[in-house]
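J.: Sequence:
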Amino acid sequence: KEAILEASRNGSDVVLVDTAGRMQDNEPLMRALSKLIYLNAPDLVLFVGEALVGNDAVDQLSKFNQKLADLSPSPFPRLIDGILLTKFDTIDDKVGAALSMVYISGAPVMFVGCGQSYTDLKKLNVKSIVKTLLK
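Residue numbers (the UniProt record's numbering): 1 to 135.
Source of the hints: derived by calculation from the structure; they are not laboratory data.
Treat the hints with caution; some may be incorrect.
[What the hints assert, rightly or not] Simulated DEER-style distance windows between Cβ atoms:
1) Thr132 x Tyr38: 36 to 44 Å
2) Leu39 x Thr90: 32 to 40 Å
3) Arg9 x Lys135: 49 to 57 Å
Idealized CB from N, CA, C, for every residue including glycine.
Turn these sequences into a full structure, and let the hints guide you.
T.: Here it is, written out as structure tokens:
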């Protein structure tokens with residue numbers, strides 16, 4: 001709540017919460033995250049994963065969403081709304097894991113990281129993915 005108030009005071013309309021990486025296996029941290037989501041009702045919950053790790057990212061996402069569901073204080077738990085894949089510029093035509101992530105979560109890939117700076121976060125170009133798959 002303090003971060004949201006501080007952002008409002010400074011004229012910011014976005015507050016990002018970094019969950020410190022691979023915490024889907026850390027129950028106390030996942031419980032705290034579920035509670036944070038429940039109490040603050042964010043507009044958007046994104047899962048951030050590396051495109052490079054392939055099917056490991058699918059497993060991470062599946063466990064992450066399951067922990068959000070299992071540990072939520074709400075009878076109607078909030079799961080992820082979308083996916084951000086980093087290092088997307090390094091996978092060439094290997095987009096299968098990204099498709100699997102969308103399939104298992106029902107959440108779209110909303111952004112992809114294609115570099116080292118904030119300006120390198122791009123919206124996913126679905127047409128280019130379909131073109132890659134049809135090669």
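J.: If a hint holds in the structure, say so; if it doesn't, say that too.
T.: Hints and how they fare:
no.: 1; hint: Thr132 x Tyr38: 36 to 44 Å; in the structure: holds, 38 Å
no.: 2; hint: Leu39 x Thr90: 32 to 40 Å; in the structure: holds, 37 Å
no.: 3; hint: Arg9 x Lys135: 49 to 57 Å; in the structure: holds, 51 Å
Hint compliance for this structure: no hint is broken.
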